[in-house]
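Note that the protein sequences, when read in sequence, are chains A and B.
Heads up, the first sequence is in this note's numbering, so the first residue is 5 and it goes up one at a time.
Heads up, the second sequence is in this note's numbering, so the first residue is 81 and it goes up one at a time.
Wrong hints could be hidden among the right ones.
Just a few of them, taken from the derived set where beta-carbon distance is under 8 angstroms, the chain B residues facing chain A [what the hints assert, rightly or not]:
1. 87
2. 140
3. 204
4. 227
5. 228
6. 253
7. 271
8. 276
9. 280
10. 301
11. 307
12. 346
13. 347
14. 355
Chain B stretches covered by chain A per the calculated footprint, using a threshold of three residues with CB under 8 angstroms from any CB of chain A [as the list claims (entries may be wrong)]:
15. 195–203
16. 220–226
The hints are simulated quantities; they were obtained by calculation from the structure and are not laboratory data.
Small disclaimer: the values here were computed from a predicted structure and weren't measured.
Note that beta-carbon positions come from the ideal geometry of N, C-alpha and C, so glycine has one too.
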Amino acid sequence: MKTNLVSRVALGFAVIAPLTISLSGTPVAQAADDAIKIGEVGSTTGSEATFGVATHQGVELAIKEINATGGVKGKKLQVILLDDQGKPEEAATAVTRLITQDKVVAIVGEVASSRSLAMAPIAQQYKIPMVSPSSTNPKVTEIGDYIFRVCFIDPFQGFVMARFASENLKFKRVAILRDVKNDYSVGLAKYFTETFKKLGGEIVVDQSYSAGDIDFKSQLTSIRGAKPDAIFVPGYYTEVGLIARQARSLGIKAPLLGGDGWDSPKLLQIGGKAMEGSYFSNHYSADDKAPHVQAFIERYRKAYKDTPSGLAAMGFDAMMVLSDAMKRAKSLSSADIRAALAATKEFQGVTGRISIDQQRNAVKSAVVLKVVNGTFVYDSTIRPG
Amino acid sequence: MDQFLQHIINALSLGSIYALIALGYTMVFGVLQLINFAHGEIYMLGAFAGMYTIRWLRLEQHPGIGSLLIALFAAMAASALAGFIIERLAYRPLRKSPRINLLITAVGVSLFLQYTGQLVFGSDPQFFPVGILELDGYTWTYGELVIEPMQIVALVLSIILMLVLQYIIFKTRLGRAMRAVSFNHDLASLMGIPTNRIISATFMLGSALAGAAGVLVGLIYPKIEPLMGTMPGLKAFVAAVLGGVGNVTGAVLGAFTLGLAEEFLVGYWVSTYRDALAFAILILILLFKPSGLLGVHRAEKV
Chain A
5 MKTNLVSRVA
15 LGFAVIAPLT
25 ISLSGTPVAQ
35 AADDAIKIGE
45 VGSTTGSEAT
55 FGVATHQGVE
65 LAIKEINATG
75 GVKGKKLQVI
85 LLDDQGKPEE
95 AATAVTRLIT
105 QDKVVAIVGE
115 VASSRSLAMA
125 PIAQQYKIPM
135 VSPSSTNPKV
145 TEIGDYIFRV
155 CFIDPFQGFV
165 MARFASENLK
175 FKRVAILRDV
185 KNDYSVGLAK
195 YFTETFKKLG
205 GEIVVDQSYS
215 AGDIDFKSQL
225 TSIRGAKPDA
235 IFVPGYYTEV
245 GLIARQARSL
255 GIKAPLLGGD
265 GWDSPKLLQI
275 GGKAMEGSYF
285 SNHYSADDKA
295 PHVQAFIERY
305 RKAYKDTPSG
315 LAAMGFDAMM
325 VLSDAMKRAK
335 SLSSADIRAA
345 LAATKEFQGV
355 TGRISIDQQR
365 NAVKSAVVLK
375 VVNGTFVYDS
385 TIRPG
Chain B
81 MDQFLQHIIN
91 ALSLGSIYAL
101 IALGYTMVFG
111 VLQLINFAHG
121 EIYMLGAFAG
131 MYTIRWLRLE
141 QHPGIGSLLI
151 ALFAAMAASA
161 LAGFIIERLA
171 YRPLRKSPRI
181 NLLITAVGVS
191 LFLQYTGQLV
201 FGSDPQFFPV
211 GILELDGYTW
221 TYGELVIEPM
231 QIVALVLSII
241 LMLVLQYIIF
251 KTRLGRAMRA
261 VSFNHDLASL
271 MGIPTNRIIS
281 ATFMLGSALA
291 GAAGVLVGLI
301 YPKIEPLMGT
311 MPGLKAFVAA
321 VLGGVGNVTG
331 AVLGAFTLGL
341 AEEFLVGYWV
351 STYRDALAFA
361 ILILILLFKP
371 SGLLGVHRAE
381 KV
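Here chain A stands alone, though its shape is the one from the complex (with noise of 0.2 angstroms):
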C-alpha cells in the first residue's frame, strides 16, 4: 500500500513537472551573449491573459523592428518574459527575478495598476528604470524617479469621460458603478465624479461590485431605480459584457461609458446586442488615419493576423519610448537611461505625441470610442487641459 501511494505520487510529479517548468517563464528568444536585456512582466495567464498578451505581441513587434534596423548602439535588444497570472504578489516576484537573476537592464510592465504598484518598488529599490505601458494609476509614477508611463493617467480618463458625457452627450445625471477590487477601476470613477460635479452634473448613485462576479442585478436594479442618463462603469471586459447585459434585460436603456479596461473583442461577444451605443475612452484608434498608426496597423497584422488592440499598441509605444531614451542615453547604465527617459519630449508613438513631464508621466491625447453593429468606431478625440 505505502509503496502503492509512494509510486503513485512520484509518477503524479512526473507529469507535473514539465507543466510547471513550462509554465514558469523562458525566455522568448535566446539571443547572444551580448544583447541587451530587457525584462517584461505581463499576465500571459489568468482571466486577464488578453491584456498580457496584446502586450507582449507590441513589445515583441518593436524589438523585432529596432533589431532589424540596427539595435541600440550597435547591440541587439533581448526580450525576457516572465508571466504574472495576473496576480500582484507573482509581478512582485518576477520583478524580483528578472533585475537580480536575468540582470536586465530595464523593465517594461505591467499593464493593471494594482500590479504595476507591486513592481515599482523593487524597480525602485534596485534603480532600474520600469517603463508602465499602460497603468493608468497615479500612484504608479509617484512611487519613485525611476519608474515612468507611456500612458495618460486616471484623472485624464476620468477627466476625458466626464467632459464627453457632459460636453458632447449633455448628459445631466449618472450612475456610477465601480471595481472595489481594482485600484485602476476606483481611480477613474473618483476622478470622474469630481470633473463631472464641477461641470455641473449629478452623480445619481454609486455602486461597486468585485471583479469576478458574475450577478450585478442587485446593482443594476437600484440603478435603475434612479434613472440616470448614463451608467458609469470603469471595470474591465471581463465583467462589463454581463453587466451589459444585465442591464439591458432590466430594462435600462442608458448607455454605459468606460475606460480602456473596455478594450477587447470578448467585450462584445459576451455582452453582444446589449452593449450597442455604449462609449469608451482608449488609447489609439485602429480607425485612426494617421499614416503612422495605418503603417503600424499594417505590420501588426502582417506579423499576428489581428487588429492590434489599443493595449498591443501601447506595448509597442514603451519598448519604442525605451530604446529611443537609450540611443540617446550616454550609456547603458541604469541612471543615463533614467535621465535619458525623464528628458522624452514629442515622441511621435502610434498612439500619439508622447512627452514626459515632472511626474514621469505622458502627456497625450485620448480617443473616444463608441460600439456600432458589433465594433468599436472612433467616435472623437479629447485634448489634455
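Add chain B to chain A, keeping to what the hints say.
This is chain B only, laid out in the frame that chain A set:
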C-alpha cells in the same frame, strides 16, 4: 415597490444557483465528512463540458429544449466522471489518514484543476453559447418588474433536484446505504455494504449536480472561465454551513437566505460588503449555531 419585488426575484435566482452548487457540497459532506473544496472546480468543468458539447455538435443551429437537455446531460456526465476520478485518485488513498490531510488534499485538487483548466481551456473568459435556447420573447414584464425565463428554470430546477435528492437519500437502497456509510463507515462495511462503491456513487451524484449548475449558470451569465468556480464554490459552502452541512433541505434554505441577504445588502445599503457578508455569516453561524439552521447537533464521537 417594483424595486423591492425586483430585488426579491433577483435574490431567488441568485439563491437557486448557490443552491445547485450547495446541494453537491452538502451531500459529499454528509457521507464523508469531507469538505470537498474542489466542488467549485467540478462546477467549472461542467460549464466547459456543456460549452464544448454545444460547439462540437453545433447545437446552436437547433435551439430548443432537446439541445439544452443534451448539453445538460453531457455536462453532468463529464462532471460525474471528474468527481469519480478525483475521489479515486486523490481522496481514497487517504481514507484512513487524519481528516486534515483530506482537507489539504481537497484544496490541492481545487488549485490543480484551476491551473490545469487555464492551461487546457485558456485563461481568457469564454462566451457560453446562449443561443441554444430562444427565449427572447418570453421575458415577463409588469411595469418595471422583469422576470426572465431562465430565472424561473433555475429556481424550479433547484427545487426539483432537492426533492429528487431527498427521495434518493430516504427512499432508495442506495440512499439507505449512503446514510449507513455516513453514520459509521466501518460498521457499514461489516454489514456488507460496499462502502467504496457507495462513496464513489455519492461523489458522482454530487458532481453531476455541480455540472448541471455549470450549464445553467452559463446560460444565465454567459461568461465562463477556469477560475469561475472559486467564489461560487465558497459561497455555496457558506450556504451549506448556514443550512446545516449534510442536510439537503438546509443547503437549499441556506442558499436562498444567502441570496436574499446579499441582494438586500447590495440593493439598499452598500455594495462593497457583498462578499464580506457571506463570510461574516459563516463566522457568526460557526460561533453561535455550528450545526446550522436545520442541522441536528451530533455528539462528538471519541
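Using Cβ atoms only, decide whether residue 140 of chain B comes closer than 8 angstroms to chain A, and label the hint accordingly.
Interface hint status for residue 140 of chain B: violated (13 angstroms vs cutoff 8 angstroms).
Interface hint for residue 355 of chain B, Cβ within 8 angstroms of any Cβ on chain A
It holds, given that the least Cβ distance between residue 355 of chain B and chain A is near 6 angstroms, below 8 angstroms.
Taking the least C-beta to C-beta distance, is residue 301 of chain B closer than 8 angstroms to chain A?
4 angstroms, holds
Proposed interface contact between residue 253 of chain B and chain A, which counts if any beta carbon pair is under 8 angstroms
Status violated, d = 31 angstroms.
Is the interface hint satisfied for residue 276 of chain B? The criterion is a beta-carbon contact with chain A at less than 8 angstroms.
This hint is violated: residue 276 of chain B lies away from chain A, its Cβ roughly 14 angstroms from the closest one there, beyond 8 angstroms.
How does the stretch 220–226 of chain B fare against chain A when you require at least three residues with a CB closer than 8 angstroms, holds or violated?
holds (count 3)
Hey, does the residue 346 of chain B contact hint survive, CB to chain A under 8 angstroms?
Holds, about 4 angstroms.
Can the hint on residue 280 of chain B be confirmed by a CB-to-CB distance to chain A that is less than 8 angstroms?
18 angstroms, violated
Interface restraint verdict for residue 87 of chain B against chain A (beta-carbon cut-off 8 angstroms):
6 angstroms, holds
Coverage of the stretch 195–203 of chain B by chain A (three or more Cβ within 8 angstroms):
holds (count 6)
Can you verify the interface hint for residue 271 of chain B: is its Cβ closer than 8 angstroms to any Cβ in chain A?
24 angstroms, violated
With a cut-off of 8 angstroms, does the beta carbon of residue 228 of chain B approach a beta carbon of chain A closely enough for the hint to hold?
6 angstroms, holds
Hint compliance for this structure: hints 2, 4, 6, 7, 8 and 9 are broken, all remaining hints hold.
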